[in-house]
Amino acid sequence: MIGLLNSDYMKIRPDFKVIKDPYSDNDYVVVPPIVPDVAVIHAFVGSRSGAVVTDSFRNDRLLATAAKKTIAVVEELVDEDDVVAGKFGVYVSAVHVDAVVLAPHGAHPTSCRDKYGPDVAHLSEYLEASKTDEAFGAYLDRYITGPKDHEEYLQVVGRGGVK
Amino acid sequence: MSDREIHPFERMIVTISRLVNDGEVAATGTLSPIPAAGILLAKNTHAKNLQVMIYGDPKLRITDGLHEFFGLAHRGLLDLFFLSGIQIDRQGNLNLSAIGDYERPKLRLPGGAGSNMLSMMAKRIILFTLTHDTRLFVPQVDFVNATAKDETIPWRRGVLSHIVTPMAQMKYDADKGVIVLDATFPGYSTEDISNSTGFDLGVAGRDIPEVDPVTEEELSTLRGAVLSELRQIYPLFCDMIWGT
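Here the protein sequences line up with chains A and B, keeping their order. Going by the numbering used here, the first sequence opens with residue 1, and the numbers climb by one from there. Going by the numbering used here, the second sequence opens with residue 164, and the numbers climb by one from there.
Treat the hints with caution; some may be incorrect.
Selected chain A positions facing chain B (in silico; Cβ < 10 Å) [as the list claims (entries may be wrong)]: (1) I12; (2) S93; (3) G117.
A short list of chain A residues far from chain B (calculated; beta carbon distances all over 10 Å) [said to hold, decoys possible]: (4) P32; (5) Y143; (6) P147.
Keep in mind that the hints were calculated from the coordinates and are not lab data. Backbone N, C-alpha and C define an ideal beta-carbon position, used for all residues, glycine too.
Using the sequences and the accompanying hints, generate a full structural model.
In structure tokens form, the structure reads like this:
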């Protein structure tokens, strides 16, 4: 890793080690790779093969290539030939994706570029609810464990903020 | 807000824009509307040759998220980057991780993300803060995510340049290795600013100027061309400061 030397990360992370670069003789910090068991990424489109197109401002391809298993939530299922990176898209090969879940508005309450904006009212509600265990329990009941499926979730949230 | 009334964040934006040098490559990361506006204002006024890279700007087409910005910094292609934090101390150390003991914090934050690497690999860092008080400017940070300068690291490029707050412009004195007051903002005396800072700002025996007034050109450019660009990137921030 470039960086980290002389930071307090070196005090709290005994797994971060300093080694000498054999080419420059400089000291650098090395860190163990992060290998998630599962990565869940959100994509504009995907096909049954597992190929998807994600947002170029995000690091979803990096996640998909690092994780043992990757689940891609897609706004739209399309034919294989239509999985093409558009203006803000990044193509992620089916090689890196284990499952594709069709869930329109699946990024709610956050945004999906050029499809819908963030649901600011819902995010504020979430933030408020997160302040106490009781309020957060009620939030989970209402929005997460209550609705029987994604369609019902979207009805409960009223698709507020979805443009 | 009346036409001539200047919002504290507008003064910060103007101050940041004046600290930008023409010809630099300046980039901003997540949650950075004030520096984003600052570099856009510089580009639209005195720094026509500034290269502006605002993460999240729909005009900026990138291929690989923040990861790609980090790569640019590694390669020495970023001249100026902007960071903020929950604590900043006299030596210019920055804390973005936790308040109190790291294992049993009073407040746990998302963490330093790329701040450490960017502070080392961008050539110049400007810190911006949304408040100015003794909780933020402390004698010693509880956790060091990023330092201002390290002479012991030969590959380090970056040095802390300035700190811009709603009360003042401060600078990092690289020779002494400390932050000092550079200029006051209208409405705040040197004493006000010192009282709001948890460490010595090196004002004894120095004459600290007030920043030059915001010019008509700066204000009209900010509220015109810059605002219309900024709305594409930070719509909620723009609504909050300038209305819808």
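Against the structure, the hints come out as follows:
no. : hint : result
1   : I12  : 6 Å, holds
2   : S93  : 15 Å, violated
3   : G117 : 8 Å, holds
4   : P32  : 17 Å, holds
5   : Y143 : 22 Å, holds
6   : P147 : 27 Å, holds
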